[in-house]
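Asks: Sequence:
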Amino acid sequence: MIKPFNSVPVKLSLRFMLMLTAAVLSLSVLFSLVLHHSMRIQKHEDLQKAAKGIIKKIQDGRTSFNVPYFISYVVYNPDTKESLYSNDPFLPLLQDTKEKSVRYIAKNFFIDGDLNILYYASSLTVEGNKYIVETALNMDTDASSMLLRKLPETTVAAVIPVLIISFFASFIIARNTIKPVVKMTQTAKYIGSENLDKRLPVKHGIAKLDENDELALTFNDLFARLKTDFDREKNFTSDVSHELKTPVAVILGQANLLRRWGKNDALQLEKSLGIIIKEAHSMESIIQNLLQLSRLECGRQKPVMETLLLQDLLQLLKDETLSYSPDASISIQDAGACIVHTDRELLHQVCTVVISNSIKFTKGIGRAAVIEITMHENSKNNTVSIVISDNGPGFTDESLPHIFDRFYRGDSSHNRKAGGSGLGLSIAKTIMTALHGTITARNIHDDDSSAPEKKIRGAAMEITFPK
1 MIKPFNSVPV KLSLRFMLML TAAVLSLSVL FSLVLHHSMR IQKHEDLQKA AKGIIKKIQD
61 GRTSFNVPYF ISYVVYNPDT KESLYSNDPF LPLLQDTKEK SVRYIAKNFF IDGDLNILYY
121 ASSLTVEGNK YIVETALNMD TDASSMLLRK LPETTVAAVI PVLIISFFAS FIIARNTIKP
181 VVKMTQTAKY IGSENLDKRL PVKHGIAKLD ENDELALTFN DLFARLKTDF DREKNFTSDV
241 SHELKTPVAV ILGQANLLRR WGKNDALQLE KSLGIIIKEA HSMESIIQNL LQLSRLECGR
301 QKPVMETLLL QDLLQLLKDE TLSYSPDASI SIQDAGACIV HTDRELLHQV CTVVISNSIK
361 FTKGIGRAAV IEITMHENSK NNTVSIVISD NGPGFTDESL PHIFDRFYRG DSSHNRKAGG
421 SGLGLSIAKT IMTALHGTIT ARNIHDDDSS APEKKIRGAA MEITFPK
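Taking the numbering used here, I'd label the letters of the sequence shown as residues 1 to 467.
It should be emphasised that the hints constitute simulated quantities derived from the structure, not laboratory data. One or more hints might be untrue.
[Said to hold, decoys possible] Listed next, with one range per pair, are the computed distances between beta-carbon atoms:
{"hint": "1", "residue 1": "Asp221", "residue 2": "Leu30", "range": "45 to 51 angstroms"}
{"hint": "2", "residue 1": "Lys363", "residue 2": "Ser241", "range": "36 to 42 angstroms"}
{"hint": "3", "residue 1": "Asn220", "residue 2": "Glu306", "range": "43 to 49 angstroms"}
{"hint": "4", "residue 1": "Glu297", "residue 2": "His348", "range": "16 to 22 angstroms"}
{"hint": "5", "residue 1": "Val102", "residue 2": "Thr141", "range": "45 to 51 angstroms"}
{"hint": "6", "residue 1": "Tyr324", "residue 2": "Gly192", "range": "33 to 39 angstroms"}
{"hint": "7", "residue 1": "Leu222", "residue 2": "Leu30", "range": "45 to 51 angstroms"}
{"hint": "8", "residue 1": "Thr154", "residue 2": "Ser86", "range": "35 to 41 angstroms"}
{"hint": "9", "residue 1": "Lys467", "residue 2": "Lys245", "range": "40 to 46 angstroms"}
No residue lacks a Cβ here, since even glycine has one placed at the ideal position from N, Cα and C.
Take the sequences, apply the hints, and build the full model.
Replies: Written out as structure tokens, the structure is:
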């Protein structure tokens with residue numbers, strides 16, 4: 001059960017509210033600073049304008065001044081400190097501010113409080129008489145100053161309802177946005193190895209996919225691949241059991257036969273021991289092949305890369321093949337001085353698997369194997385391809401997509417008459433993956449275009465790997 005404060009909509013709403021709070025406070029502070037600066041400039045201009053008006057009238061010899069009601073002024077002699085003209089008897093006589101407005105605060109200036117003014121003072125001399133004209137604003141009664149002092153309280157009072165509304169609005173939006181994810185989570189809880197064909201819901205069509213749909217499709221693709229892997233592993237387990245069950249049954253049967261009659265029958269003893277040894281070797285081969293597959297797929301067996309002349313490897317393959325199948329005919333296209341950088345032993349194993357299969361299945365239809373080995377270099381992507389073709393029966397349309405599957409022998413009964421464990425081509429494909437290459441299979445057809453269906457005259461395996 002998800003706790004309320006662990007819920008994604010709540011977390012998103014709280015984060016949005018905090019971000020909005022920070023943004024509002026930052027804007028409020030910025031607004032206050034700008035407003036304060038603007039008001040300060042306006043006050044300075046008002047004080048300066050009033051002072052210059054007084055100065056002009058003094059210079060004209062007039063003694064009455066038209067000053068805005070909210071501005072106090074005093075004109076005094078700086079030498080005698082005598083106040084000549086003023087509309088505020090409590091205004092202190094202050095020094096010239098050099099064309100600036102200055103804040104002045106005097107503690108306990110009045111019986112009931114402090115003096116807090118913004119003033120502007122300018123000096124002048126008329127007919128030998130010195131004057132200082134001083135204009136001032138009382139900051140305690142100034143409306144704009146009072147507004148600025150009240151602004152933080154007003155902002156907080158106005159922001160709190162906005163934040164509460166924004167929290168609930170963002171919570172509703174986030175909850176509706178995340179609702180498809182909640183549905184996917186609920187569906188995923190009931191998906192297991194037994195029902196991997198179940199899929200997460202996708203809300204929109206392909207043309208209107210959003211991020212949630214992309215997530216659902218990604219998981220659906222993952223489930224499909226997991227189902228494929230599960231099915232393959234199930235089939236693999238079944239195939240291993242089938243492959244090992246047969247030799248074990250044969251060994252047990254021959255052992256029981258020996259216990260009954262083999263003690264006194266030398267001929268039967270020799271025959272049964274031969275069968276037991278053959279089946280034991282078959283089991284050993286299956287186990288070794290499975291171990292190699294596991295080591296290659298898990299990366300425990302790393303390719304040992306070395307530089308080799310491809311012609312030498314192909315010639316070695318030919319000599320080895322003729323040693324155990326002298327009736328076979330093998331021709332090799334001259335590979336010239338083609339030098340490759342790969343694992344000699346692993347590449348040799350792949351080619352050996354392909355050639356031995358060609359000989360085995362060609363003999364199965366009563367023919368002498370005719371094998372052609374050709375080599376192609378692709379300078380564009382820096383790869384080399386070895387094509388091994390034969391005159392065997394080729395592949396059926398049903399078997400061609402599965403020939404690299406484990407234990408596949410072209411029929412569902414896993415017929416053991418042809419020999420082998422059905423792992424050779426699986427190992428070859430895994431080796432080529434480790435060598436960053438590929439192995440593919442195809443049929444070779446007759447060139448007679450007049451025939452309604454082209455007859456298969458052999459098979460070809462193409463092994464491609466980087467130089």
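Asks: Please flag the earlier hints that this structure goes against, numbers listed from lowest up.
Replies: Violated hints: 2, 5 and 6; rest satisfied.
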